[in-house]
Every structure is written in C-alpha cells, then in structure tokens.
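Trainee: Work out the full structure, taking the sequences as your base and the hints as a guide.
Number of protein chains: 2
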Amino acid sequence: MKNIIVGQSGGPTAVINSSVVGVYKKARELGVQKVYGMVYGIEGFLKENIIDLGKYLDNKENFELLKRTPSAFLGSCRYKLPEIKGHEDIYERIFELLEKYEIDALFYIGGNDSMDTIKMLSDYAKEHNKPQKFMGVPKTIDNDLGVTDHCPGYGSACKYIATSLKEIIRDNSSFGVEKPTICIVEIMGRHAGWLTAAASLCKDSDCEGVDAIYLPELPFDLDKFISKVKDLSKKKSSVVIAVSEGIQTKDGKFVCELNDDNKRVDAFGHKQLSGCASTLADIIARETGLKTRAIEFSTLQRAATHIASLTDIEEAQMVGEKAVEAASNGNSGMMVIIERKNTKKYESTTSIYDIHNIANVEKKIPLEWIDEKNNYMKEEYLEYAKPLIQGELLPIFKDGVVCHLVRK
Amino acid sequence: MKNIIVGQSGGPTAVINSSVVGVYKKARELGVQKVYGMVYGIEGFLKENIIDLGKYLDNKENFELLKRTPSAFLGSCRYKLPEIKGHEDIYERIFELLEKYEIDALFYIGGNDSMDTIKMLSDYAKEHNKPQKFMGVPKTIDNDLGVTDHCPGYGSACKYIATSLKEIIRDNSSFGVEKPTICIVEIMGRHAGWLTAAASLCKDSDCEGVDAIYLPELPFDLDKFISKVKDLSKKKSSVVIAVSEGIQTKDGKFVCELNDDNKRVDAFGHKQLSGCASTLADIIARETGLKTRAIEFSTLQRAATHIASLTDIEEAQMVGEKAVEAASNGNSGMMVIIERKNTKKYESTTSIYDIHNIANVEKKIPLEWIDEKNNYMKEEYLEYAKPLIQGELLPIFKDGVVCHLVRK
Chain A
1 MKNIIVGQSG GPTAVINSSV VGVYKKAREL GVQKVYGMVY GIEGFLKENI
51 IDLGKYLDNK ENFELLKRTP SAFLGSCRYK LPEIKGHEDI YERIFELLEK
101 YEIDALFYIG GNDSMDTIKM LSDYAKEHNK PQKFMGVPKT IDNDLGVTDH
151 CPGYGSACKY IATSLKEIIR DNSSFGVEKP TICIVEIMGR HAGWLTAAAS
201 LCKDSDCEGV DAIYLPELPF DLDKFISKVK DLSKKKSSVV IAVSEGIQTK
251 DGKFVCELND DNKRVDAFGH KQLSGCASTL ADIIARETGL KTRAIEFSTL
301 QRAATHIASL TDIEEAQMVG EKAVEAASNG NSGMMVIIER KNTKKYESTT
351 SIYDIHNIAN VEKKIPLEWI DEKNNYMKEE YLEYAKPLIQ GELLPIFKDG
401 VVCHLVRK
Chain B
1 MKNIIVGQSG GPTAVINSSV VGVYKKAREL GVQKVYGMVY GIEGFLKENI
51 IDLGKYLDNK ENFELLKRTP SAFLGSCRYK LPEIKGHEDI YERIFELLEK
101 YEIDALFYIG GNDSMDTIKM LSDYAKEHNK PQKFMGVPKT IDNDLGVTDH
151 CPGYGSACKY IATSLKEIIR DNSSFGVEKP TICIVEIMGR HAGWLTAAAS
201 LCKDSDCEGV DAIYLPELPF DLDKFISKVK DLSKKKSSVV IAVSEGIQTK
251 DGKFVCELND DNKRVDAFGH KQLSGCASTL ADIIARETGL KTRAIEFSTL
301 QRAATHIASL TDIEEAQMVG EKAVEAASNG NSGMMVIIER KNTKKYESTT
351 SIYDIHNIAN VEKKIPLEWI DEKNNYMKEE YLEYAKPLIQ GELLPIFKDG
401 VVCHLVRK
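Protein chains in written order, with our numbering: chain A, 1 to 408; chain B, 1 to 408.
One or more hints might be untrue.
Chain copies aren't distinguished; within one or between two, either way the pair holds.
When the alpha-carbon atoms are kept at most 27 Å apart in a straight line, the in silico DSS-like pairs for lysine-lysine are as follows [said to hold, decoys possible]: (1) 398 with 386; (2) 373 with 236; (3) 55 with 203; (4) 47 with 85; (5) 126 with 179; (6) 34 with 55; (7) 253 with 291; (8) 291 with 236; (9) 341 with 130; (10) 100 with 345; (11) 25 with 2; (12) 408 with 378; (13) 291 with 80; (14) 363 with 341; (15) 363 with 344.
Source of the hints: derived by calculation from the structure; they are not laboratory data.
Mentor: Right, here's the structure in full:
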C-alpha cells in the first residue's frame, strides 16, 4: 500500500483516537508512505478536507497525547452514503479523490451507521473493479455492533459509569437521618442497555451498588417502578436507580414522552432522547412526596478519557492495527472484530468479518443476563463486562488540568 | 484534651474527609485518647449516634483510603441549632453527652450554616462557664465563606469542572460540518459564582475554552444571551457556555423559573434550583432553531474525588490539624482560615478567626474580576484559582473501579 486514509464517524468515544494510533502505527511498520486523515469523516473527504497525519504523529509526545484525547481528533460526521443507484456522482467523486492521492486503502472508525459506509464503498469498488480496499474499525460506547465480542469505547464508558455512580452513591448516602433521597441516573443507550447495565459494576464490599437497573430490553412498567421506589425508601435512606434513556412502556412510549413531547431527531433520523430521569424524578416526587434528584451523564460518559480503561485503549489500538494488516493482505468490505479467548484470565484477539453481516444490525443484551425480578444484572453480565474496565492510562496534566492533542 | 469529637455537616465535598484525617492525625500527635465521630452531624450526636474513629483510622490503609473517599464518611446533616433561649433542653443535652464521653473539644467541618452551630455552642459554653472548646473547620465547594482566602473542597470541584468541560468541549467539537451545537453547562452556586468561574480554567493552548460564563453576581439578560449565542453560532461549529444554577434576571427571577415553577426548598429553607441549563437550551432551540444540549454536573462536581486536587486535599487536612492545635491551646468559637502567603510560588498557611464574624456571611466574587463585556473571568481570577487545582492524589483501584472507605 502506498498511501492510506483513515476517518472517524458517528458519536465520539473516549478511545476512538487510540484506533487512529493503531492504524498509524501499523501503517508505518508496513512502510506506507502517507497516512491521511479525513477531517469530519466521509463528508469532509468529499470536500477534499484531509490532513497528513504524519505532521502530528511522527512526534512521540503527540502520540501519547492522542491516546489520552477524547472525541474524534479528526472530526466526525453523521453522514450516511446514499444508495449507489442514482447517486453515482458521489461515489465517482470519492474514487477520484482516492486516485488523486494514490490512496490504496480507506479505514473508517465507527459504529453501525458508519459500517454502512464501508459496505457501500466496498460494494461499489467490487462492481466497478476498483483496486482500493475498505475496512471498518469498530467503535461505539453503545456496544451494539454484531459479531464482535464487544466494541472499543464500551469499556471506558463502563469504567466512567461505575466510578461516577460509586461517587454518586457516597454523595447520596450523606444524609441518613433525613427522609430518603431518590436519585435517578440516566445513562445513554437507545435500544440496547449495555451502558446502563454497567451500573452493576460499582457494587463491591465498599459500595452497596445501585438499587435497581432499568434496561430498554424489557418493557418499563411505571406502576411497578413507583411501588419499587416506595418499598426501597422504607428500608433505605439513599436510593440510587439507573435507567437507560431508551426505556419504553409496553405500548412503545418512551418514558421521557410521558411528561412532554421532546421529539427532536438527529441527522440519522434517530429520536433525540433526553429527560427520562427527570421525568421519573418528577413523577416520584409527585406520587410519593419524597425528595428526588435526576442526574444525566450526558456526553461525559463517552468523553471522560481521564478515567478510560487501559484494556479498552489497548484494544482500540489493536483493532486499528488489525484493519491495516488485513487491508495489506488484500481484504476489503470487512470489519475487525474482537474475540474473547477461552482462557482463565481474560485475553482477546482480533479477526475480520464480512461487513454485510454487521452493518445496520443492533446487538442487544441477552435476556438471560437480566434478573428481571430484582431489576439487576446477573453474574453472566458481570463476568462479561469486568475484564473490559481493567487498568488505567494516567492522564498527562499541565497546570492541574488534563492535556489533549488537537488539530491546529 | 482527653477525648475529642468531630462532625461533618452540610453538602459533602470531594475532600471533606481529608479534614477528618487532619483532626485525627493531630489529635493522635497531641496524645488525645479517643477521637469520636458524630454520625450524621450534630443531629446524630443529639441521638448519641457516635463512633470511635480509632476503629477505622489506626489502620494505615484506611487512612489512605479515607483521603480518597468523597462525601461525608461520618454522615452529614442539614440541621441548624435553634436559638438558645427557649431551647435550653437541646443545649443541655449536648453538654450532657460531652460530659458523659469526657469530650473536651468539638470540631465541626462545614460551610456557612454549619459554622452557626459552632457559634451557638461556643456562646452557650461561655454563658454557662462550660470548659469545652468548639472549633469550626471550613468546607464548601461553594467557596463562599468569609475571611478565609478560599475553602477546602473548592479546588477539587474546580479541577473536576475544568477537566470535564475540556472533555465536553472536545466532544462538542466533533461535528464541524453540521450546523453548530450549543451546549449549555449548569454549575452549582446559588448566590456566588465561584464554581461557575472555574469554567475559565479549561482554556489553554490545547483548548479554546468555554465561549461565555454567566455568574449570579451579575443580572442575567435573556435577550443579550440569545443574541450572544446567535453571534457565536455564526462563527463557530461548537459553542459551550457555562451558567451558574443561581443566575437571575434583573427583577430577581431565577432563570429556571422562566419555564416552570420548580420551587422545592431544602431543609435549610433554600430554594432547590435545577434546570437552568435545560431552560436556556429549550429557549435557544425555540428562538434560533439550533441544536442544543443541556448538561448539569449535579452532585458529581462535589463528589469526584478520583480527580481531586492534591493541593486541596493537603489544605483540607491542614485546616483539620490546625483546629485541633488551636483548641488544645485554649481557643474556642473560632474557625480555621486559610491565608495565602505573599510568595512568588503559591504557598498557604492557616490561622483562626472569630466565628461570629464568619457564620452566615456569604462571600461573592469581586466584581472587578469579572469581564462583563465578554462574559468571562479576568486574569485576577485565574491567578487566584489556578494554584488551587494543582497536583493529583491517584485513586486506589480495585477491579478497575476506585476504592472508598465506608462505615460498617
């Protein structure tokens, strides 16, 4: 491969830049001449908005900073390529640019919607006998990509959620003699409860853990919820409950729609959900007279690289490296997946998989991992998730604040 | 002093337990026999809810864990002692318990409302010729206590705010080519803008910083705010604005009251404010059609010990030590204050001050530190605040999650 290009797409994560590091490192090892970065994903590429990554990453200090920088260093987009038929001009433009810069392989770091881009481009290349290779690099805090054991970005979000919840539980437990405080914490996840399930990870000998977890995999029953909170408040001075932003009643209504009509949509046409915790906190306050508090982790759960998981950072780099290796071996239209080895101590390896069987598929939490009666996660989930949050890569501080690498 | 007792009161902070560490350490050095802790502050003490701190802190590992544990290890309360006249029974009960446990000095770690407790108890002791000493130990993320240069708890909250905002700014800057996203971040602080001012600390060569800061020290003008956001959105793809929960219009209306009638009060009779950021985000979305996001740091800004400031931890310990030393020298009815030395490199020292001139007084940000025209903090504030966020005390991790010390 002479030159390659890498792009980032979709919602950012705490470790999405470690995959850029992986792509860059392997490319250098394989003697690739130029590693380009598309600025703002495929949308930016279409406008020829690209940079030479060597400008930043041939510097060792920057290399270390990039691993500690959240959000897409290259900039991201939520642009979905249209059907090839009827939009040939867009595809022709992309291949024209690839040829202009003598780019032999394109790497796209993203989630479900982004993998669709790799699918379309590799399909077009095949149809038109183009030699360029197209590889998907998985990334999503949502952990909802199919086939792969888990997705880079998920472990760090889990570590943030577990740590922050542990701190919130301590805070909420301060006032024992007053009437109980009900704290409802909203966690991201439209259809899959992977992130919210991570609330179970804060329970240990020094933490009672959250009192209940509500995932979108099961219908949400408001009456049962109210009665659960009432029961808990009789026994405990502090009640902390984790809810997914995406929980819905059995007739398909989002909880945040029970109080208002928040119906904004993002650029992919997904509903923008927010306010589920505050809706429930309002309802509980009204129904029980108890003191309530709603907390949303919001974008911090995907951006808190200062408390990222080292395992996650290393795996994010590993999938980037694997993608380059696979393309250099002639593969295209594939996504790198992570496989868990059958070892006593957690170990993982990478492989590649046909992207046609991955793009646009959402992986949910197996129902048998959910303790529906107690609104909690079963041991199976804990065994799955715990290895993913292990280890830390200490931030680099300057003047008391974490440092990042940014494009100039 | 034979035995002493220490209590924690009011809203918790990330370093309130380091003051317990300081009290305990100095007491041991001075040969105090028993160091008791009141569980849930003076309210718990009245119910004889006390523990022997030696049970936990004679263990070196616990000592280190306690410095890394957020929120009141002993439990807190929001109970204000009533006037002595007409409530002599409450005061008699407290002194009866002090005598029962042969307690010679009482230390109360808290903010404004808690210092009132020390004032009342030392006044009662003086009136009734009681020998016990009463000392206040400052603590509040709000930084609004008078006389002291700053308050333990503030520096760590600032460090959390600066770090998190830096991560939010990176996240919000991901999508350059789409229309701008306006992110409004709500920070605690009812009447004083100290915490919100810390939003200025994330600006550096690797971060553009927040675009505007709105403090409660100045009246909030909604029309000017909307026009400022419109201007910014024409120039930038990412706009991040920090607002204090306590900002009010010039006719004294809280911003969060512009949309709804959230008028809950806490146990001290303070209004419970929330939703200022989401109110503004709603208004901006409606008025401009721009994409908006509201983020509240909520209790995380006072509980995130995992990213606490080492300077703050050390000073929190120092004020605890000083309080014990001062009581052992015969002082009572005083609060420990922090003084900034007139040195080139930041250094601080402690002193004590008559609590009658501190309790119930709120210190605001000097207006001359605020750049009203640009809605930003002037250099004077940065010089004041930067030293307070320096240094880190790394968390102790177990299984990927931070460890705490909790009462059994």
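Trainee: Work down the list of hints and note, for each, if the structure agrees.
Mentor: Against the structure, the hints come out as follows:
Taking the shortest alpha-carbon separations for residue 398 and residue 386, only the inter-copy value of 11 Å comes in at or below 27 Å, while the best intra-copy value is 31 Å. For the identical chains of this complex, residue 373 and residue 236 are intra-copy neighbours only, at 19 Å inside a copy versus 49 Å across copies, given an alpha-carbon limit of 27 Å. For the homomeric pair residue 55 and residue 203, the shortest alpha-carbon distance between copies (24 Å) is at most 27 Å, but the shortest distance inside one copy (45 Å) is not. Only within a single protomer do residue 47 and residue 85 lie at most 27 Å apart by alpha-carbon distance; the minimum there is 21 Å, versus 78 Å between protomers.
In this homomeric assembly, residue 126 and residue 179 never come within 27 Å of each other (Cα to Cα): the closest approach is 66 Å inside a single copy and 34 Å across copies. Proximity of residue 34 to residue 55 under the C-alpha cut-off of 27 Å is restricted to the intra-copy arrangement: shortest distance 10 Å within a copy versus 63 Å between copies. Within a single copy, residue 253 and residue 291 get their C-alpha atoms as close as 26 Å, and across copies as close as 23 Å, so both meet the 27 Å cut-off. For a Cα distance limit of 27 Å, the shortest separation of residue 291 from residue 236 inside one copy, 13 Å, qualifies, whereas the shortest one across copies, 40 Å, does not.
In this homomeric assembly, residue 341 and residue 130 never come within 27 Å of each other (Cα to Cα): the closest approach is 36 Å inside a single copy and 70 Å across copies. Taking the shortest Cα distances, residue 100 and residue 345 never come within 27 Å of each other, neither inside one copy (48 Å) nor across copies (55 Å). Only within a single protomer do residue 25 and residue 2 lie at most 27 Å apart by alpha-carbon distance; the minimum there is 15 Å, versus 65 Å between protomers. Within a single copy, residue 408 and residue 378 get their C-alpha atoms only as close as 47 Å, which misses the 27 Å cut-off; across copies the closest is 26 Å, which meets it.
Taking identical chains as interchangeable, the C-alpha atoms of residue 291 and residue 80 lie at most 27 Å apart only when they sit on different chains, with a minimum of 19 Å there against 44 Å within one chain. In the homo-oligomer, the alpha carbons of residue 363 and residue 341 lie at most 27 Å apart inside one protomer (20 Å), although the nearest pairing across protomers, at 59 Å, exceeds that limit. In this assembly of identical chains, residue 363 and residue 344 lie within 27 Å of each other by CA distance solely inside one copy; the values are 25 Å within and 58 Å between copies.
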